[in-house]
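There are 2 protein chains.
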Amino acid sequence: MPEPSTSQADQLLFPQWLLTLDTQAPDQGLEPLEGQAVVLAGSQILDILPQTQARVAYPHLQPQILDQQLLLPGLHNLHGHAGMTLFRGMADDLPLMTWLEEHIWPAEGQHVSEAFVRDGTRLAIAEMLLNGTSCFSDMYFFPEVVAEVAEELGIRALICAPIIDFPNPWSANPDEALDKTRQLHQQLQDKPLIHLAFGPHAPYTVGDETLNKIRELNQKLGLKVQMHVHETAFEVEDAENHQGKRPLARLDELGLLDSNFQAVHLTQATAEEIQLLAQRGVQVIHCPQSNLKLASGFCPVEALRQAGVSLCLGTDGAASNNDLDLWAEMQTAALLAKAVHQDAAALPATAALQLATVEGGKALAQEAYTGQLRRGFAADLCSLKLDTPDCWPLHQISSQLVYGRMGDKVHHVWVTGQQRVTAGQLQGMDLKTLQDQAASWRQRLQDSFQSQDAKA
Amino acid sequence: MPEPSTSQADQLLFPQWLLTLDTQAPDQGLEPLEGQAVVLAGSQILDILPQTQARVAYPHLQPQILDQQLLLPGLHNLHGHAGMTLFRGMADDLPLMTWLEEHIWPAEGQHVSEAFVRDGTRLAIAEMLLNGTSCFSDMYFFPEVVAEVAEELGIRALICAPIIDFPNPWSANPDEALDKTRQLHQQLQDKPLIHLAFGPHAPYTVGDETLNKIRELNQKLGLKVQMHVHETAFEVEDAENHQGKRPLARLDELGLLDSNFQAVHLTQATAEEIQLLAQRGVQVIHCPQSNLKLASGFCPVEALRQAGVSLCLGTDGAASNNDLDLWAEMQTAALLAKAVHQDAAALPATAALQLATVEGGKALAQEAYTGQLRRGFAADLCSLKLDTPDCWPLHQISSQLVYGRMGDKVHHVWVTGQQRVTAGQLQGMDLKTLQDQAASWRQRLQDSFQSQDAKA
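Residue numbers (my numbering), protein chains in the order written: chain C, 1 to 456; chain S, 457 to 912.
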């Protein structure tokens, strides 16, 4: 990475506490520092040094005093379907197949369009920026629209082009999806905020032929490949019954499991499969709230961690969560791992924090350099104001971040050095318009279901 | 209950949406109503009627317009240890016995005093009022101090006098604890906000002799009896090994299991035990986040519900949670029940809402009349402002309340008609003083551990 020079310094941040998550620091950057300054130069972090020294070294810069605030890397939400935010709460508490077949799929069939994706994604990004998310991953139709909206609103994104064997709103067949992905790769080359990935939907919706084409194409492109894998016991059993092997075994035979592969959900994994994932360098994206809500099963987080598998976190779509709050996901991950592993020391707060930052950063293209506050890394940061009774006393900052309610404490957010949230207010986005658009989609969705009900 | 008269009407609330949770309404009060007014008279709800009619019927009252707000009953947090809020985050991610023996018990031994309980309880109440909790239950030392602080700050409380067989900061022996409980009962007779209960700590800390005395004494007093029961598998196995029976069987033999009995945690229960609890009318207090964090096990919530057992919710103390946010507890309860019961339809959002309100109300003395918005019930209410992107679109209010992040949306809170939170600001409590007190206790706690470490 080309490091900026001192003369390019343009922002001086003086937080009360700093958590760098810097993996090269002796304590992995997990110990809160006081009296430290972060110096930004354009889109990058130029320096981290004591505030007293920063005042001398950068006399031309007026420091931004972050009173009662903790500064840390922006969060990385590595799995979701932003467009589906418009379905938030539309059909909850239903068995998985009823939910999909009677609600989500008909609604998608009738309503998903470029306009739907544009409005849903804008809403999702507004929510995520406000809660300190500086990077999100998306797997949904019309990825070119998602990329455009993300760039416009200034949030970093890993865009997983959806590849499915059957016709869908974006592609008539998988070859069209692959062609469009190639085109998108060309178009997005010079967009520093946007990282493209392949998004083959799931083992049961993408056949061997398509997966082989993805592998071949990716030998040139070297992109990440994100896929729902072993989401439920049913998926695995069904594959065993019909294909004679478990999906992970099939994916490995096809040569897909490598350090570019991201397995989302993984509620089912044998000890051998955990070893395989570790050997292949596969990253697992854990979505604990979605797994609970859809009764999908429990991801063996602590066993994966102990085997050395890199894990990061995702909220999944708002239709199965129902918020896009990675703080809550961190909390659920840390709490649930203890119960599942029957050990109150499993997935400690510091480790959960790393999943949402450092490990999330690993899920992007290598040149992104996010998830840590370190010289030369991207200036993707957020500050939290810890000035309410639920933060007191502040014995241990990492505990507070993971086990407390934190999404509402987010004060400022920067992505590539641009301040996107200031004192809890979104910059450059009109909330009233967002609210009206959401209300309008709500009306259209409700009307179509009522007319369906009337016909039935 | 003596119903107030129309002439006593003194507050007129015009929310955008109203959720009464009224069990006598055809839909159990679970359907959000628009255009309705709530009329308060002193400490009670006088009437609920259309806003147009209310303007005519109460022309002398200026309506309080609750714009973009949902009005519903205040939440009931039925299990906690408010004083322990000062331990928040002090020792996390540790195995249960290490946590207790090396951190919590030494800290309690050295620091728990009337002053500690007073300051910790004030802090807990501030947090709870701010997140819409109008009623909390407490089981901790110096219950007379907790009662005094709760009354002073105007929050409703179920105070469980702690009864333990061994010497503790409040009592040298169980007889002293029982004497003090009797005295407290006398002192609290005329306090409408304060409800007294017996709080025998747990089956393994209270012997048969003490439990018999509680049962006898309670034949006259008719109080609730709250106890940690079957919190862990170890507790049950240990009792089987040493006493030849499971704790619930022992409590039933002692005649304690009746409709006044509240079993906290209950992560272990056979099908027969669930039937027994239903027959006896025992109420179960579910603390899902604490159970997860301490790896205690999974409460069989859905099986209990299906057997007709009344369930309500508690956060437990901040040392094992780490917040006192019953919205988060509702969410965790609803999500976890689905995974544990392997059914995405288990504990739907509407049922989770009832646990935190209606069922919580049943946990108090019968004359409290809380947990529902209904004529003659206590004017214990909260309003939530649903004006942020994470609430849009608002397809289903009950889903939003349970699966969204809601603690930070609380706008106004009333207890017995007194407004305790106005536009998110605590009334009559100085936050700076609270913060300073918490910081001072933090220092004292840290110092004592450092000096212990130095000695070791």
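By construction, these hints were calculated from the structure, which means they are not laboratory data.
Please note: incorrect hints may appear among the correct ones.
Stated by the list, open to error - Pulled from the structure, derived: some chain S residues nowhere near chain C, Cβ distances all over 10 angstroms:
1. 635
2. 693
3. 780
4. 799
5. 805
As the list claims (entries may be wrong) - Quick list of in silico lysine-lysine cross-link-like pairs, BS3-like style, CA-CA up to 30 angstroms:
6. C:385 x S:841
7. C:220 x C:191
8. C:432 x S:841
9. S:888 x C:385
10. C:385 x C:362
11. C:362 x C:220
12. S:636 x S:818
13. S:818 x S:841
14. S:636 x S:647
Virtual Cβ for every residue (Gly too), placed ideally from N, Cα, C.
Violated hints - listed by number, lowest first: Going through the list in order, the structure violates hints 3, 4 and 5 and respects the others.
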